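Line by line, the protein sequences give chains H and R.
Using the working numbering, you'd call the opening residue of the first sequence number 899 and step up by one each time.
Using the working numbering, you'd call the opening residue of the second sequence number 32 and step up by one each time.
Derived by calculation from the structure, the hints in this document are not laboratory data.
Please read all numbers here as calculations on a predicted model, not as lab measurements.
Check each hint, because a few of them may be wrong.
Output of the computed footprint for chain H on chain R, the stretches with three or more beta carbons under 8 Å from beta carbons of chain H [unchecked claim]:
1. 69-78
2. 133-141
In silico DSSO-like cross-links for lysine-lysine, where the CA-CA straight-line distance does not exceed 30 Å [said to hold, decoys possible]:
3. H/Lys942 to H/Lys969
4. H/Lys939 to R/Lys33
5. R/Lys98 to H/Lys939
6. R/Lys73 to H/Lys938
7. R/Lys73 to R/Lys142
8. H/Lys907 to H/Lys942
9. R/Lys73 to H/Lys950
Even glycine gets a Cβ: it sits at the ideal position worked out from N, Cα and C.
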Amino acid sequence: DTAVSQTPKYLVTQMGNDKSIKCEQNLGHDTMYWYKQDSKKFLKIMFSYNNKELIINETVPNRFSPKSPDKAHLNLHINSLELGDSAVYFCASSDSSRNSPLHFGNGTRLTVT
Amino acid sequence: QKEVEQDPGPLSVPEGAIVSLNCTYSNSAFQYFMWYRQYSRKGPELLMYTYSSGNKEDGRFTAQVDKSSKYISLFIRDSQPSDSATYLCAMSPNTNAGKSTFGDGTTLTVKP
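Given these sequences and hints, build the entire structure.
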């Protein structure tokens, strides 16, 4: 039933490691996003894909690489993790043809030690 | 200066109180205004979505937009403990949801 699901829910890892977060939506939306929420609850967009094509790529270190195998999936791979990458990462989706607002997943809490 | 400023919290009120949550913005291009509610350890969920100036009501929630003052508010009547959450305002210049700019959020606690 979950509309936007992301895994894992929690991720604890050491500096320098490479990790991936997966996201899937079953809403039939054509656009998917990755957001980062810091400890102060500020939500900032990182990437947006529309029908598997990158349309928004905010100023994010190139250690972050999104991949969209199809329009229902958007994964986030992070290389050489740093302490400052610790945050909650949210996947979201929307339907650009119906001007729908964002539907968020429940987040992946990443802790880099 | 941030494009969207949200009243900082936290806010604590007794059950049954009327709650007012507020945001101001500087970008006059913003045309679409949203309020999201985020429970602890969950993703934000859309509460209200408005386009024009004026009021929009949905049950105990009223969203108010004043474009001339660049000010939006969310009112919660008869607040309940289940309303305890962080409330995020968001605004966008167009219908592209990815162009939304979020406020920093206000954490509300409603005490029984």
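How the hints compare with the structure:
A stretch counts as covered by a chain when three or more of its residues have a beta carbon under 8 Å from one of that chain; for the stretch 69-78 of chain R and chain H the count is 7, and the coverage holds. Coverage of the stretch 133-141 of chain R by chain H holds in this model, with 4 residues showing a Cβ closer than 8 Å to a Cβ of that chain against a need of three. A hinted pair counts as satisfied when its Cα atoms are at most 30 Å apart, and H/Lys942 with H/Lys969 qualifies at roughly 22 Å. Restraint check for H/Lys939 and R/Lys33: the C-alpha separation of about 15 Å stays at or below 30 Å, so the hint holds.
Between R/Lys98 and H/Lys939 the alpha-carbon distance is near 25 Å, which keeps this suggested pair within the 30 Å criterion. The straight-line distance between the Cα atoms of R/Lys73 and H/Lys938 is roughly 15 Å, inside the 30 Å bound, and the hint therefore holds. The straight-line distance between the Cα atoms of R/Lys73 and R/Lys142 is roughly 21 Å, inside the 30 Å bound, and the hint therefore holds. For the given pair, H/Lys907 sits about 19 Å from H/Lys942 by alpha-carbon distance, which is consistent with the 30 Å threshold.
Proximity of R/Lys73 to H/Lys950 is assessed by CA-CA distance (about 26 Å); at most 30 Å being required, the pair is judged to hold.
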